[in-house]
Amino acid sequence: MASESPGRCSKNTLSRAQRAKEDGDNGSTSSSFSSSDYNDDLEPEWLDDIQKNGELFYLELSDGEEEATLAQVTANQCLSTNHVRFSEKEAEVITEQTNTQRRSSRKKGEPALKKLARILGRKRRPSQRKGSKDGSRGKSNSSPPASILKHQPGQRQGMTVHRRRLKEACVYLNPKRLASPPAPLCDRGGLLEALLGVVHRPAWTAGQKDQWEVRTEGRLTVHGLIPNSPAIKCGQILIGDVLLAVDDVDVTSENIERVLSCIPGPTQVKLTLETADLDHRGGPSDSSTVHKMKASPPVSQLVRLLWGEDTAELQMAIGHIPHIVMYLSLKLDSTSLQEEEEILYQYPMSEASSQLKGVRGIFLTLCDMLENVTGGQIISSSVLLGKHLVHVGYWKEHNNLLVVGLPAERVPLLSLQTVVGDVVRTLKVMYGTLDSAFCMVDHAPRLDHFFCLFFQQLIQPWRLREGSPPSPVVSGSLFLDGLPAVRWLTLPPEIKMEVDTVLSDFESSDFGEMSEDFFGLRRLYVILGSCLFYKSYLIANHLPKEDLLDVCLYCQHFCLLPLASEQRLGQLVIWREVFPQQRASGGGSAAPGFTQPKGRHFLLIVGLRHLMQCVLLEAGGCASPALAAPGPDCVYVDQVKATLLQLEALEAGMEERLNVPSAPCLSCADWFLPAATTRDRLDSLASSSPVFSKLAGAIRRSPSGSRGRSLFGERSHKSSPQRSLSDSGSEVQMDVGSAAPGLSPNSTPDSARRHGGRRDSLGSGGSDGSGGSGGLFKTPRMKHPNPFYLGTLKKTLTERETEEMYNTIKLTSGTENTLFHYVLMETVQGIFIAPTHREVAQLSGSIHPQLIRNFHHCCLSIRAAFQQSLPARDRRAADRPQRSGWGLGPVKEHGVLFQCKPENWTDQRKPAPTMTYWVIGRMLLEPVPQEFYVCFHDSVPEVPVEMAFRLSFGLAF
Amino acid sequence: MMMLEDGCIQLLCLTASSGVPLFTRGASKQLPFSVIGSLNGVHMFGGGQGVLLSCCETEGGGKVVWRVFHDSVMLIAVSRGGSSGGCSKEEEIRLQRLLENVWHCMVLVLGQDELVNLRNVERLKRDLRSCFCLIDQLLEEKQQGVLGNLTHCADSLLPPNPTLLQEAVDGFAQAADSEFGCLFVHGRIAVATEKWWRLAPQEVVLLSALVRTLSASGSASCDYPVFLPQGSPTVAHRLLRFQLLPGADVCVLCGPTPSLHRAESELVGQLWSPLVETLRSCLSVGERSLPGSVPLRPDVLALLLINRETRRSVSCVQLSSYHLLSDPSLSKSRCWELLKLFYIFSMSRYFTQEETLCVSAEDGAQGGHTEDFLHGFSHQPQQCYLVTEECKSYGLQTPRHQLFLLMLPSVPTFALRTVATQTLSDIISATAF
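Note that the protein sequences, when read in sequence, are chains E and U.
Read in order, the letters of the first sequence are residues 1 to 957 in UniProt numbering.
Read in order, the letters of the second sequence are residues 1 to 433 in UniProt numbering.
Hints in this document: simulated from the structure, not taken from any laboratory.
For clarity, every value in this text was computed on a predicted model and none was experimentally measured.
Note that beta-carbon positions come from the ideal geometry of N, C-alpha and C, so glycine has one too.
Relax, there's no trap hidden among the hints.
Output of the computed footprint for chain U on chain E, the stretches with three or more beta carbons under 8 Å from beta carbons of chain U:
hint : region
1    : 357-370
2    : 374-388
3    : 841-853
4    : 887-894
So that you can see chain E by itself, here it is in the shape it has in the complex (with noise of 0.2 Å):
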């Protein structure tokens, strides 16, 4: 990030080598909570942040690669963490007033948010900790304050030692920001600071000498800027240049605010900057800074954009394709006469998007009088504009209706009833109904925020994640994220069974002296449950099926998934009042004499690293009401956090769970190819897969285990420096003690020696393979439990069938392993099962991907056709009345055969070699709901439930 910067760095730095020893100190003592104990001592760094409603939404970044780079500077292991921080509500000036001001914020919000803490705080027990503590933090207050000036690395090359010079920057503007942001802060700085997000004093510089020059009247030096404004992003306006001309006009400060209120719309401005004398700016501390600048990784938009950030550079890319949501009030006040009344909300103003608005009558006209024409209400119409075909699903509620219009490029329009259902629940879970989230002004620009990561997501999702190719299809995406259920990841028992111990025991609001009950007060909150994800995975869930679609698709609509897998979190808070549909809508299954207690309910989501959990917490009913907007409270969070640390421990074994291949073994697309010569398979499997088909081998060779084992071990061992390659820098690094000191230069071994220390210490499973060098050999003896009845399975085989039985787990029949890619969902629990991306990007290949994308676009078709021939019972019909019966009757099975060619074949003699594979879908309503969804190669009949079943049961175990 550009507001980076040394001093604040370094201060870090030194307080986390503060922590870092501390945390060797009473590291043998083992205990997780301990380190979470300071968090307490400390205001929280999240406590600025909240917003008056009690909302928080707090993410901190520490991305792997800075933190290698970091390590590598100070041979220091610990936490680097990239401080941003996002509110709307409050703009941080970068100045020498900066710390002043976030104190005295900061106190402003305390009394109300800490009740509890503050009572905890009489109660804290004494620690030199909290010393030092102190100290390290008044360090760095007294530390310079955080400046932008003059860091920009790509400045450096360029810019010599002239004295003074022009410069030109380009920026996006976007006004329509201003209508959302709070007036205030327009007051002192106009529109210079709102839009352009450049802090002018004219005062200061009347009191300044300026060294260099006769000071004209009027002239705009900036003396600050803005946090997340155009100015900073675009990384050339520093601190004491002066502004002198917007698009080629000259500006003052006279006329600044014109010039700049004539800014129609969200648009590119070039400015003209003179900038001042570069040489006396501090040397010494640039060598490192200027390092650190270059490896720390661009922060991806994806984060960008759920920091709140300026997203209309983002939002011009779309700009041209025409999607729209809007809110439209059906009941029509003939006598007003103020025109666009009846748009209650509507997000983007982009052109295209103007023009949907403009025909809005269609809209309400169909809604109005279709119902009385076909017997039913609107779900969706097809519009042609100009060349692009757009679908326009509608969702009426009460008198007013939902329009959203999305590009049937991306969305075809058999998934389109399911994307706006579940962004309907996700507005209802975020805010009860439809009417109370668009009909309060104030939450504009929130909806704003909301609808902008929707439309991003699906029409130009490859800009949010770093790496992805853009591929006009994001089928994968809509079928997964359509699924009414969450990806589930298994885990060895004894895993599982210590994370869901350490959830229960959180669960129990059992905090001990931070507890209520200790003061004996009455509790704040019922914690209703919680779900655990690891790596966007579930990993534990004790939420009720209802509650846990409603935090999914908050998290899913946030992206907070994909965020804790691909990017470190440093932390993640986020708090806020939700209404689980099911508890809102008074839980139909209620026994009788049972009611649902009337109270709210808050979600509390806490990412740290790889680890998220969430907790949902009801305030009434047992516990004491909740009044007005509380926000999250300290301990709390803080238990959360505890909880997650405490879990840390065991992020070893999940780690190993991804590394090692799942249970039904997976083959490339791309071995099929008889284009592939027997060589290149080899080669392939060699080099590419710790995933290759075991079972191929193993039954190809001899059915014996020990076979399987030996050849098992083998791979491992050549896989394994990869491993630690791709670790590198994360939480476990296996093999740097024992296998591979070589290849990872950076760990010295007094580091190999802390992290084996400090495993041990935290008391994991020991499973893996840092106690020694003979650990590493050990095959990782997977029981991969059956996903979804682990109570009810109990294994009676010795460990050798079991071994045996692992080494030949085979989905499909024959002697070849034909399977591609699976998905398995369970209705009732509401989770599904898939390879992790892991292995799916382990088995790389060139057409592999394609299948796989294929796969998804298929199975979008399949599952539409089982819901369209189902009762409605699915969560996103709940509201709608039943579907009258398909014409073709209920779809219990459903598959398509696909042809493949390699792609540039440019043998003109030979015709292409093809490879054909199906894509099966099945539901199953027996002996527990389940869709089925596989992809194997053609040369093998399969008969689906069989393969769904070894998958559920039998053998897959």
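Using the hints provided, position chain U relative to the given structure of chain E.
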């Protein structure tokens, strides 16, 4: 209050520029004028703003589809879902097809000039009445075993001895000074001259529909002026039709000569009377469309085979007592319905439809977008199957053919593919279709 009954389609026709209703067909109860006006109004309003409304879906499978032809005539189809309706996408395709067919039907009868240059609306209204029986036939689809309206492939019947009949048709056409001659048996094309097959597939389908309505009227012969929507939309030809036997009709497209009387008295008797026995054997093929020499597995309920090159199709339902034993609820009409639905299902999602030539460029933009889903596939779909409660369906596509099969639920799923490929090769080898 519902304005439409279950599963029924109402067709509205208005002038595109002024919105004057030309006719409505379909439902027993006509939609109120205000509704017709609004349906037309929203489309016109959108058109003015550069937003072209093409279709709408409501809960329960209701659908509205708009389409403007040649900037002069607006056709709107409103369907109220219900039990027989397909799912949204399927229904939409069916309605789009319907609108296309209705338009071409109007051109066939009235010629394009009269429709495009609207001079006298009242007269046009009167003239359009002559299309009603053809349009009603399209709307009701009551004739079983005719899928051409949907597939845009000529429904054919494969006669047991085609060479004899082919010679007869060629000779008859030549004698009538025409290159376009065709023999219909049970409303399906048995043989036709080479030129007849060169007509646009949609014209062949429409002419077949016209001949069916004409022969249903019971007259022994008739002389009907037709415009060919693609070949000659502005110049009329004469369609001469003669009933040879009940269920067997021969027709030619010709110019001013010969007169109906001359052709009937001189040519028909002379050329066709020697072939009565052959015609009878042809009639006995009946609804099966396939000669008895082609074996069909007993568990096949229905099949539709399309030749993608010649744009001909063969379809049949074989519902024997054997089938009724296993599922007495299955009726013949239900089988046809299922076959149609499965065809639309497969075509809308997986298989490619050859471009029908009759759609002009401007209209193509409106109609062609329905296949957006198909473009999302990175690999080419080849075959598909569907297991439902009533039957198992299998579709497969080769470069030359498309085959859609309904089979008994008792057929094991893994055997479907074998049955389908076997059936395809059986038919092809026996008839060279």
